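Trainee: So the protein sequences, as listed, match chains A and B.
The opening residue of the first sequence carries number 71 in the numbering used here; numbering runs sequentially from there.
The opening residue of the second sequence carries number 572 in the numbering used here; numbering runs sequentially from there.
Treat the hints with caution; some may be incorrect.
Which residues of chain B face chain A? A partial, calculated answer using Cβ under 7 Å [unchecked claim]:
hint	residue
1	Ala596
2	Pro599
3	Val600
4	Asp614
5	Leu617
6	Phe618
7	Asp620
8	Ala624
9	Thr640
10	His695
11	Leu697
12	Ser772
13	Val776
What the hints contain is simulated information worked out from the structure, not anything from laboratory work.
Note that the structure is a prediction, hence the values are computed from the model and not measured.
Glycine included, every Cβ here is placed at the ideal spot set by N, Cα and C.
The chain contents come next:
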Amino acid sequence: MRAPHLSSLDSGPREQALLARPTKTDEELMAAYLAGNTAAFRELFNRYGAVLERVMRHRLHRPEDARDLVQQTFLQLHRSRHDFRDGALLRPWLFTIALNMKREYFRRAGRRPESPLELDGHRDPGVAPRGHEQVEATEEVRFALGKIPEDQRDVIALHWLAGIPLPEVASLVGASLSAVKVRAHRGYAAMRHVLKGRRGNLDEA
Amino acid sequence: MDCVDIKEAVLRGESLSWEAAQHVAGCPVCSLALSEQQTTGSDESLFTDIRRAIDEERGVRAWLRSRSTNVRLTLGAGWALALVALVALLTPRTHYAPMPFAAVVVVLAVLSALGAVVLRLELHPLQAPEPSIGVVAACFAAVLVAPAVLAFAPVPQAALFDHYTEFSPPQAAFGCFFIGVMTGVLVVAGLRALDRRTSHSRTGVLVQAAAGGVAGNLALELHCPITRPSHIVFAHATVSLVLLALYEFLPRRRPA
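Modelling step: build the complete structure from the supplied sequences, incorporating the hints.
Mentor: Shown next, in the form of structure tokens:
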């Protein structure tokens, strides 16, 4: 099967129209990409690029590292495309690659997962500026995530930031559904506690 | 109803009940989740970087690592076996006849089984969970220890071959060591060509050194007639250790 090279094919109006159908599933897009349709890869990036970046960023201090890991994830998706089989689901596939890339990053550097952004003032290049309230909300989310235990943090990042249902999160982190539910409940409770405390401190200040 | 139930309901596309809305109003986590809208859409510069990286995936190496995992496993195993066969053909083992057939088969079977496990770890697909450092370290230890343990297995007196008359023990040891390490280095080079990883972590280095060690020991089993345990321990079993040391001392280049 021919390896699709993204710049070698322009997404024509017919391809774009085909992809514009909301019923196109991730798996259909992956099959289209395998068949050489590069617009399908673009659509997969549109669906998951930003979500993956959010998941990566909650553990990394430098936004460029998070973007690099997202880039590596999509590169690995491209390299692994011939492993994708009919009947497989793309989303768990993609997120397992992403989690493996993240683990490899920490292992390689001999680093421990970093604290999430302590309001470092960085803004991702290339991301459209957002409203002040939304930026604050994002910062609060990362602050609260940084204060909870790591196993709970991973579950909540996938459940909340990536919008993955708990049964799928369980298979991604290699734990039972009941264990993941417990982590999620405890994690959300801990985040509520952190956020209430933080807001209380801010009000006092 | 709590945060988990509400997020699950949102993921299922359900509208929030009155009870859920009450929770959201008083919960800082859920109110943040709703105000921090999901960022979707395209990040043009990131996609351009990805597109550039994919467009650079050309050449033999890119072709090899984009094969399916089963094809890569077949190619990896084929490459290792071809090198072992080459050593066996170019420098065949002498004094085979007195050696019990079963003893040779056991050694080859143990090393082949270890090789299959190590190859599977090395070329595992990235969409599958990553093997833990504990599993990888255990495999490396098994590759290091197995030839030494097998060397102490009793063999009949007639099968004992202690030394060559034309080579001193250090010379014989160096010869085996060189053949084992060279076979291992070539196997590692082949596996790296098939490897999809973008960098080499500690686990990747351990697995590759183990794979090279297994191949080196298989080649030596078909080459070296010396059955003296000290020779096997120092000249055969250490191949994987030397490969690991080479990784440490050679300058590292970030793979493409």
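Trainee: Each hint should be assessed against the structure and marked as holding or not.
Mentor: Now for the hints, and whether the structure bears them out:
1. Taking 7 Å as the C-beta contact cut-off toward chain A, the hint placing Ala596(B) at the interface is violated, the least distance being around 13 Å.
2. Checking Pro599(B) against chain A: minimum C-beta separation of about 4 Å stays under 7 Å; hint holds.
3. Against a cut-off of 7 Å between C-beta atoms, the interface hint on Val600(B) holds, since the closest Cβ of chain A lies about 5 Å away.
4. For the restraint placing Asp614(B) at the interface with chain A, the shortest Cβ-Cβ distance is roughly 5 Å, inside the 7 Å limit, so the hint holds.
5. Among the interface hints, the one on Leu617(B) holds; its C-beta lies about 6 Å from the nearest C-beta in chain A, closer than the 7 Å criterion.
6. With a cut of 7 Å, the hint placing Phe618(B) at the interface with chain A holds, because the nearest CB-to-CB distance is about 5 Å.
7. Interface restraint check: Asp620(B) against chain A, minimum CB-CB distance 5 Å, threshold 7 Å, status holds.
8. With a least beta-carbon distance of about 5 Å to chain A, the hint placing Ala624(B) at the interface is held under the 7 Å criterion.
9. Hint on Thr640(B) holds. Least Cβ distance to chain A is approximately 5 Å, under the 7 Å limit.
10. This hint is violated: His695(B) has a C-beta 9 Å from the nearest C-beta of chain A, more than the 7 Å allowed.
11. The restraint placing Leu697(B) at the interface with chain A holds, with a minimum CB-CB distance near 5 Å, inside the 7 Å limit.
12. Among the interface hints, the one on Ser772(B) holds; its C-beta lies about 4 Å from the nearest C-beta in chain A, closer than the 7 Å criterion.
13. Because the beta carbon of Val776(B) sits about 10 Å from the nearest beta carbon in chain A, more than 7 Å, this interface hint is broken.
Checked against the numbered hints given earlier, the structure breaks hints 1, 10 and 13 and satisfies all the rest.
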